[in-house]
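The chain contents come next:
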Amino acid sequence: MTRFLPSLLLIALVLAGWEIACRAFAVPAYLLPPPSAVAVALAERAPLLLASTAATFWMALQALLVAFVLGGGLALAVSLNRSAEQAVRPLAVALQVTPVVAIAPLVIIWAGLDHADRAVVALAAAVAFFPLFSGVLTGLKSADPDLERLFDLYGATPVQRLLRLRLPSALPFVLEGLRVAAGLSVIGAVVAEFVSGSGATQGLAWRLLEAGNRLRTAEMLAALLCLMVMGLALHAAVGAVERAVRLRLS
Amino acid sequence: MAEAGPAASLRGAVVRYPGRAPLGPVDLTLQPGEILALVGASGAGKSTLLRLLAGLETPSEGSVAIRPGRGRIGFVFQNPTLTPWADIQANAALPLELAGINREEARRRAAAALEAVGLGDRLTARPRQLSGGMAMRASLARALVTRPELLLLDEPFAALDSVTRRRLIDDLHRLWADQSPRPAMVFVTHDVEEAVYLAHRAVVLDAASGRVAVERTLPGALPRAKGWRSDPACRSAVEGLAGDLAASMPAVPHKADR
Numbered sequence: 009m010t011r012f013l014p015s016l017l018l019i020a021l022v023l024a025g026w027e028i029a030c031r032a033f034a035v036p037a038y039l040l041p042p043p044s045a046v047a048v049a050l051a052e053r054a055p056l057l058l059a060s061t062a063a064t065f066w067m068a069l070q071a072l073l074v075a076f077v078l079g080g081g082l083a084l085a086v087s088l089n090r091s092a093e094q095a096v097r098p099l100a101v102a103l104q105v106t107p108v109v110a111i112a113p114l115v116i117i118w119a120g121l122d123h124a125d126r127a128v129v130a131l132a133a134a135v136a137f138f139p140l141f142s143g144v145l146t147g148l149k150s151a152d153p154d155l156e157r158l159f160d161l162y163g164a165t166p167v168q169r170l171l172r173l174r175l176p177s178a179l180p181f182v183l184e185g186l187r188v189a190a191g192l193s194v195i196g197a198v199v200a201e202f203v204s205g206s207g208a209t210q211g212l213a214w215r216l217l218e219a220g221n222r223l224r225t226a227e228m229l230a231a232l233l234c235l236m237v238m239g240l241a242l243h244a245a246v247g248a249v250e251r252a253v254r255l256r257l258s
Numbered sequence: 196m197a198e199a200g201p202a203a204s205l206r207g208a209v210v211r212y213p214g215r216a217p218l219g220p221v222d223l224t225l226q227p228g229e230i231l232a233l234v235g236a237s238g239a240g241k242s243t244l245l246r247l248l249a250g251l252e253t254p255s256e257g258s259v260a261i262r263p264g265r266g267r268i269g270f271v272f273q274n275p276t277l278t279p280w281a282d283i284q285a286n287a288a289l290p291l292e293l294a295g296i297n298r299e300e301a302r303r304r305a306a307a308a309l310e311a312v313g314l315g316d317r318l319t320a321r322p323r324q325l326s327g328g329m330a331m332r333a334s335l336a337r338a339l340v341t342r343p344e345l346l347l348l349d350e351p352f353a354a355l356d357s358v359t360r361r362r363l364i365d366d367l368h369r370l371w372a373d374q375s376p377r378p379a380m381v382f383v384t385h386d387v388e389e390a391v392y393l394a395h396r397a398v399v400l401d402a403a404s405g406r407v408a409v410e411r412t413l414p415g416a417l418p419r420a421k422g423w424r425s426d427p428a429c430r431s432a433v434e435g436l437a438g439d440l441a442a443s444m445p446a447v448p449h450k451a452d453r
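The listed protein sequences derive, respectively, from chains A and B.
Per our numbering, the first sequence starts with residue 9, numbered consecutively.
Per our numbering, the second sequence starts with residue 196, numbered consecutively.
With the rest of the complex left out, here is chain B (with noise of 0.2 Å):
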């Protein structure tokens, strides 16, 4: 019952920036539980897309129909923006707090956020106190204490070497496989690989139009079997994603990248 319809969907979207090139029109359905990674050069319109998506911007034209509630999406940013003046419990309790849940309440489950990250043990912590990766967990926990069903992240691990990289990818995989109902996820990333290993379909956004260039279907099921990475069908997806992402941008290098 509570499955019925997409968990999200952009109809015929435009934004338009003055001074830039506009986005879109771009038409994207999103299902309950699905994993979308959105894959497109730099300036190809991939924050606004996901700030739409989260209700923070309305379209010049078009439609956004977003199913959960307010309170009910999650966002990580690129950084893990954690306010320093708190210790991490309560950051992670801040999105509870700002719904009118009782400060008790909000700690307890902000604490719980915490433990499913692996950060159980460091809920006095302040984020200064806190490696990258670890920052970035407390910012994933603040993401999740409300039991999103949509979770936006915003190139979330971009900062981070890829060892830690990969160890929180997995764990992504595991804190959306455990929680009921799944919720839906749009990881926007400019690594293929990332993006193949990460989400059941990826869309590619064209640097120049503005528009949707490709969606790909992505093989395997969720969460990665180990080994996966070297998986022919896997090593395959990303060829072919990197070659539609070439394609999306533009042939001659463009005045910004000199």
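One chain only, chain A, in its complex shape (with noise of 0.2 Å):
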């Protein structure tokens, strides 16, 4: 508890800071609301909010188990063949360098305008996508050169080897690629969501953009804090499990 003293002590003087600040001067509410109005269109709008804080969280989750599958799946392909590596590197950096929002228009055609929240899954993911695929292939390909020479050796087959010395080690890097793709999941579905623009989604992107609309300035900022508390809900429970397996592994 100690350790989040400073930072807490920080966020409470800011917020004491800024509500002086909004009443001192007069600020307009629609410009910048003062902590206690947001602290009112949070708990006037919780139900609304926390459903769609439910909803980004679980397309934004469904986006990383489906980056997960797709580009460990693929990594591990290609782990096997040199010139299959050789081949895929480069599409899987131009999806990776290919901005979101600009293939979100296209992704959302193709999902079909009546199914925005797959599109949505659909773009998370390829965000998603590269740290994992990254992530797995490099672990497969770090572990030790001399152990790879023991199983030579003793004639391990390629099962064996995978089983008992590449995935082993590849675990580490695996879990450091979640921890990335995680935050990016929500920076996708978010995007994703506001490029969609539907409302048919009914995640936070959508309530910000609604709220903003109606210039509703104290509900943005509400839905703002509830995306910041669910990243960083996503990101310590990646960390978590993190730390579980690095502590078993060595």
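Among the clues, some could well be false.
[Said to hold, decoys possible] Residues on chain A that point at chain B, a partial pick, calculated with CB under 10 Å: (1) Asp152; (2) Asp154; (3) Leu155; (4) Arg157; (5) Phe159; (6) Leu161; (7) Tyr162; (8) Ala164; (9) Thr165; (10) Gln168; (11) Leu173; (12) Leu257.
[To be verified] Computed beta-carbon distance windows for the label pairs: (13) B:Ala353 with A:Leu17: 46 to 56 Å; (14) A:Ile19 with B:Ser357: 55 to 65 Å; (15) A:Val253 with B:Arg342: 28 to 38 Å; (16) B:Ala372 with A:Asp160: 25 to 35 Å.
Derived from the structure by calculation, the hints contain no laboratory data.
Glycine included, C-beta positions come from ideal geometry on N, C-alpha and C.
Assembling the complex is the task here: the two chains are given apart, and the hints tell you how they should meet.
The following block contains the structure:
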């Protein structure tokens, strides 16, 4: 608890300064509402914000799972063959450097305009794909070369080598990729939802858009707060898994 | 009957690497139960030669004949190379399990091998819980667990302090002597005292040509008697081998050494 004390103090200080400044300078509420107004908005719209948080979280989680299965699976397949890796890597990089905003309209058409949630999951998965693909692939090739030689010496089968050497060696890299991908999947989900702009997804991005269009700035900030807390929670959850696995492995 | 023929031999073996001086041609014969010290400057190709003897590398020219079948060759690397995710019993059992021996039997034999190297009470320890010397003992147990006919060691004790190193060499001699039949051993080192103490015979690899510069039969019986290090025969062999090694190194400091 004492570890968080300094940052909690800082947050309290900033909030107090913000509140006082808003009142002292009579800042219009549509421009910058005081923290108290944000708290009121948060309380009033709690059920809706909670539902939207759950929707965004669920889409980001699905995207993370899809990216993990596709990115990890492709990395596994590619790690067995050098030319396959040389063929696939540039494509993976191309996907990585293409802005998700730019491909969103296309994906929304492909997913069908009635299935905006599918498009959001697909786009968020596209963003989360690369760190997982790269992490798994790097990890699978990170095994100690002397241990690889030892497996050669004892005539290990490819399956033995994979299960007893390469996968365990890869795990720290996979977890690192997962941590980065978890953050990216939330960003991807929010951006995709912005672009789809249909409201069918009912996620936090939609709450932001909606509140923004009505100049309900306090509600926007409340939605933003929910997004932040959700991102932190996801990050902490993946971090906890990472630490638990590391402890078991080393 | 099983003793017929050398444990391993190289005939005119050459290994070429792109952008590097080739190793060889090398002729080398290793008798069963013989301990050979392989000495040479870094970059002379000692590790490559060891990998040739393990069958992990194929020569570009010449031939390699290795008598022990797959799984009957033990290899100890410069680092213990234990897998951190498994306890040392599972680590030592690895070669047997890779050979398809069932888990129970493999773990039982691994425990016996660890007992022999003095780690019988640390079976469930993780590699990170071991000191450098203990980790190297575990690595040695893993190499011995298949009862190898040929044991190859690539500067295994280089990272250890001198007291631990001497203790491990005496233990290695004891383990070698206890096996029946005794395995042939090739031990790579750049420490001439270690080479003289350890082996029946020393081979010096020339750094520039990648060939065998000198072969020297070493005095005394193995395992070594107490106080052998200060014996005049041992001292003079150390001096002789040190001279051979110095002659095999380039006279002018190599670019990479600066």
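Which hint numbers doesn't this structure obey?
-> none
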